[in-house]
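Peer 1: The lines below spell out each chain.
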Amino acid sequence: MMDWTDTLAELIRRTTSDLPADAEAALRSAAAAEPAQSQAALLLGALVENTALARAQSTPLCQDTGTLTFFWRVPRGTDTCALEQAAREAVAAATRKGWLRRNTIETPSGKSVDANVAEGCPACHFEQEETTSVEVWLIQKGGGSENMSVQFSLPDGELGAGRDLDGVRKCLLQAVWRAQGFGCAPGVLGVCIGSDRAEGYLVAKRQLLRPLTDAAPAPELAALERRVLEEANQLGIGPMGMGGKTTLLGVKIAARPRLPASYFVTVAYLCWACRRRGVRVTDGTLEWLG
Amino acid sequence: MNELRYPFSEEAVRALSAGDVVRVSGRVYTGRDRLHKYLAEGGACPVTLRDGALYHCGPVVVPQDGGWRVVAAGPTTSVREEPYMAKVIEGFGVRVIIGKGGMGQATQRACVRCGCVYLQAVGGAAALLARRIRRVEGVHFLDAFGATEAMWELEVEGFETVVGIDTHGRNLFAEVRDASAERLRQLVGR
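Residue numbers (our numbering), protein chains in the order written: chain A, 1 to 290; chain B, 1001 to 1190.
Since the hints were derived computationally from the structure, they do not count as laboratory data. Keep in mind that a hint or two might mislead.
What the hints assert, rightly or not - As a list, the in silico EDC-like pairs of lysine to aspartate or glutamate whose alpha-carbon atoms are at most 20 Å apart: (1) A/Lys111 x B/Asp1033; (2) B/Lys1037 x A/Glu10; (3) B/Lys1087 x B/Asp1051; (4) A/Lys111 x B/Asp1143; (5) B/Lys1087 x B/Asp1143; (6) A/Lys245 x B/Asp1033; (7) A/Lys97 x B/Asp1051; (8) A/Lys97 x A/Asp18.
When you get a sec, could you build the whole thing from the sequences and use the hints?
Peer 2: This is the structure in structure tokens:
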């Protein structure tokens, strides 16, 4: 039996300090696209510099080390309780090392839970499959961006948004406008069309695991992703809401079945610090992902 | 490039304009949700904030040599303090606010009236900004508020910011919001 606690602690170290290559490349090309010496170029340049520094030091990219959500794919019959326990121990160890902030508040007492381990913290989601590997992905999503996540119920008269993909487009642009710089733009949208309210947020968050460079498998959703990305970047909100051409780095849309009565558009807004990393373990051999 | 050093004078702050790049040095206190609510509701402040700076930040700190070391310290979203900020500026004589994402009209009016400036630090650039922190001089409300919400007394050097709200009535964030609202109306055909 391998030591999952150490492996997951290492996964946290990588996730918190080492921005994935696709996200870093997106920041670099955004910085190059802004006029030299503009505020947007300077801000994006600082983000690129920060990325290199955090990686070199193994320190958090952002002081808000976020909500930790582990997405697991495991063989049938796996003891998921043991994996969940390992995740909890890894979070406590990572907090002691300064890779995670003391970021958990007991509610309603308001007391800090210094180890970051509590009911539902960290969150683990398991899927059992016909596989011999265990694969786990971690997302660290900061509170500033989470506060900008939003759910729409169509039709929405105020937005002029009906139950079609053009209605979805209006919702997504509205979400980006509403977020301004509050969620640390340039951001990424994870989107779920359909489903119920609770599942919609989970599906939307899962889309944030997708690389910035991919496209939704369904052509009409891929086209919507491209269009919303292009139009959002015409809003002029820019890095940190201080103006510029780069407001979004990516749009990732999924669709799910819904009830006839409901048509939700759920948006998980992620900041530029796209912290997602994975690891696959096959017969005791580790393969780092992301 | 403008330099501001603690104690921050009203004259120096009033000389700044929205968009100016400013490097802050000297003493800075962190404060976020818990502290702002506490101060605005009449809580006593253990230190003087007069001519001082409040930094909207919950740092990552680790114990070191009987003291503390800051590992990561970028800004948190300032607008959550909007219900309290004007009262804190007026009541405690705060001269400099550092945060991210901008603030609203009440804060903007307090900035004009009292001679206070809002500085935008780079959101999420926590490793970079932590390098500008020379020392942790002390901490208040550690037990009451927890490490993240505590009031950390930091000594900073050359902490890079951009003026977002000045004393002349300009608010860069409001300007961007209004212009983007117009563009949004065109895109969605309203």
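Peer 1: Next step is simple, just say for each hint if it's right about the structure.
Peer 2: Verification of the supplied hints:
1. A/Lys111 x B/Asp1033: holds (14 Å)
2. B/Lys1037 x A/Glu10: Status violated; Cα separation ~37 Å.
3. B/Lys1087 x B/Asp1051: Measuring from Cα to Cα gives roughly 15 Å; hence the hint holds.
4. A/Lys111 x B/Asp1143: At roughly 9 Å apart (the allowed maximum being 20 Å), B/Asp1143 and A/Lys111 satisfy the hint.
5. B/Lys1087 x B/Asp1143: At roughly 25 Å apart (the allowed maximum being 20 Å), B/Asp1143 and B/Lys1087 break the hint.
6. A/Lys245 x B/Asp1033: Roughly 31 Å separates the two Cα atoms, so the pair is violated.
7. A/Lys97 x B/Asp1051: violated (36 Å)
8. A/Lys97 x A/Asp18: holds (16 Å)
Going down the numbered hints, you'll see the structure goes against 2, 5, 6 and 7, while the others check out.
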